[in-house]
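Asks: From first to last, the protein sequence lines are chains V and D.
Position one of the first sequence corresponds to residue 178 (the working numbering), numbered consecutively onward.
Position one of the second sequence corresponds to residue 180 (the working numbering), numbered consecutively onward.
Check before you lean on any hint, since a few could be wrong.
[To be verified] Below 27 Å or equal to it, Euclidean Cα-Cα: the simulated BS3-like pairs (lysine-lysine) are:
#1 V:Lys210 x D:Lys289
#2 D:Lys517 x V:Lys210
#3 D:Lys289 x V:Lys179
For the record, the hints were derived by calculation from the structure and aren't laboratory data.
For reference, the chains in residue letters:
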Amino acid sequence: MKLIAIDSSGLTASVAIIGDEGLTASYTVDYRKTHSQTLLPMLDEITRMTETDLSSADAVAVSAGPGSFTGLRIGSATAKGIALALGIPIVEVPTLDAMAYTLWRAEGLICPIMDARRQQVYNGLYTFRDGEFVTVREQRAIGVEELASELNGMDAPGGVILLGDGVPVYRELLDSLLEVPHAYAPAHVNRQRAASVGALGLLLLREGITVTAGQHTPVYLRKSQAEREREALEKKNAGT
Amino acid sequence: MTSNTDTDILAIETSCDETAAAVVRNGREILSSTIYTQIAMHTVYGGVVPELASRKHIEKINAVIEKALADAGLALDDIDAVAVTYGPGLVGALLVGVAEAKAIAWASRKPLIGVNHIEGHIAANYIEHPDLEPPYLCLVVSGGHTHLVVVRDWAEFEILGRTVDDAAGEAFDKVARAIGLGYPGGPKIDAAAKAGNAEAITFPKAKVNGSAYDFSFSGLKSAVLNYLNHAEMTGETVSPDDLAASFQKAVVDVLCEHTMLAAEECGIDRIALAGGVSANSALRTSMERACESRGMKFYVPSPVYCTDNAAMIGVAAWHEMRAGRFSGWDLNAVPGLKLGER
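Model the full assembly from the supplied sequences, consistent with the hints where possible.
Replies: Right under this line is the structure:
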């Protein structure tokens, strides 16, 4: 089985080709150029470099959210276009699940955080229990202070490992709030990686957990500002 | 039947609130044109919400493309090139179409053609008018644009005049909201005006210092608002139909006058209309009459090709293709893309 994997959910643009024989190619760039300019040229580069026959791909794995709304849609539209052209399905991999899976069999509670603005992060909590990847908390948008107090109340013998682009933003605050042992993952494993999306995607693909190219849409975990404002207004009007 | 000499382009358009795809043969023949309109969703907000538009595009785009191919009776393998609108428009909305088109073209090893949305509107005229060729004068009027353009060649545009404030379509939307007609303003005002008296109220015609061809609609919009306020204060009843008809006449008059002035001064006798506002029945009629009385030839697309669609993008793309202009995999959305810019 072979997957084309894509992650453009955050600042990092990342693509990979992964299959039964292993990781054929992976290319990750964390640079302030839009994903629209980088993602497809990167994919073109790795498939040419590795002489990959696109028709040999069984599915496209995409980091399906949460993340930057626009970034997610660039990744999703790219995945949907490739899947449409090749007539293959899409494997939707939750963004934070894939980030946590990068730290395979790490001891402790794996805590990826993505900056979601408004003093919130996108986060999920994960651990490896008897070698098995376990989701302790499904991905959500959560206040940084609320997350810290949740972590303080949890039994995490191996401590907490934090990663993600929320770390540089909230590290000081977290250091002051966290009462449990915690550490920050180093640069080679602390951001989104398409290789992780692909590795986790392969497990889902083998279980037959896929969607059609038409069905796939990203998971935002947040409503648009216009919807939030409208709902707040309706609530206010209903109250008076 | 696809013959070897036919060129079939799959075109994609997501610059605003319509998710659209089409298959165009040889730059003139529309094999299919699919439009998923989001108007109902945006109506409750009184206008297009960019984030919601983008979310709807990603949800619908594959179904729209697949329907366009099916309606054309073609498979993706039969397609010769993939075209997409890359600007101007809402950046988040544009990016969905651009990323999707690039991925399809890349994975199916086909050339990619980025198309300017406004040039697409102009090219919509070629669909039903095989005799139309540059040079000609084109008035482009839509929700975001008001341009008076000499189309010198297929991809060469000389802008004679433009709006200095609101676009014509924007004025329609704002006035429709003020009268209580709702969104989208263009068709609502057009319908109301049919029942109203266009001579009921005289609104001022805005003159723009410096250029005889430039437009200004913000003063007219204010005049309508002032009229409404004044009527409210004095307890006068206002007929929305009369107001709509009088406002529409003021817009249409100035659009026609400037176009005729430009045509006469430039010595051009072929006039075309383009853009969403060219679906307006009063504008179509007035411009046609103005052209007829001067012995000029008048061109306008059917209303369905005036508002946003992908067929027009496929037509414009064919001219890009003939000129040997293709896009790379790094094609980006350019929300402020100018007419003629490459």
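Asks: Check the hint pairing Lys210 of chain V with Lys289 of chain D against an upper bound of 27 Å on the C-alpha distance.
Replies: At roughly 25 Å apart (the allowed maximum being 27 Å), Lys289 of chain D and Lys210 of chain V satisfy the hint.
Asks: Would the hint linking Lys517 of chain D and Lys210 of chain V be met if the CA-CA limit is 27 Å?
Replies: 22 Å, holds
Asks: Against the 27 Å threshold, does the CA-CA distance of Lys289 of chain D and Lys179 of chain V hold or violate the hint?
Replies: 23 Å, holds
No hint from the list above goes unmet by this structure.
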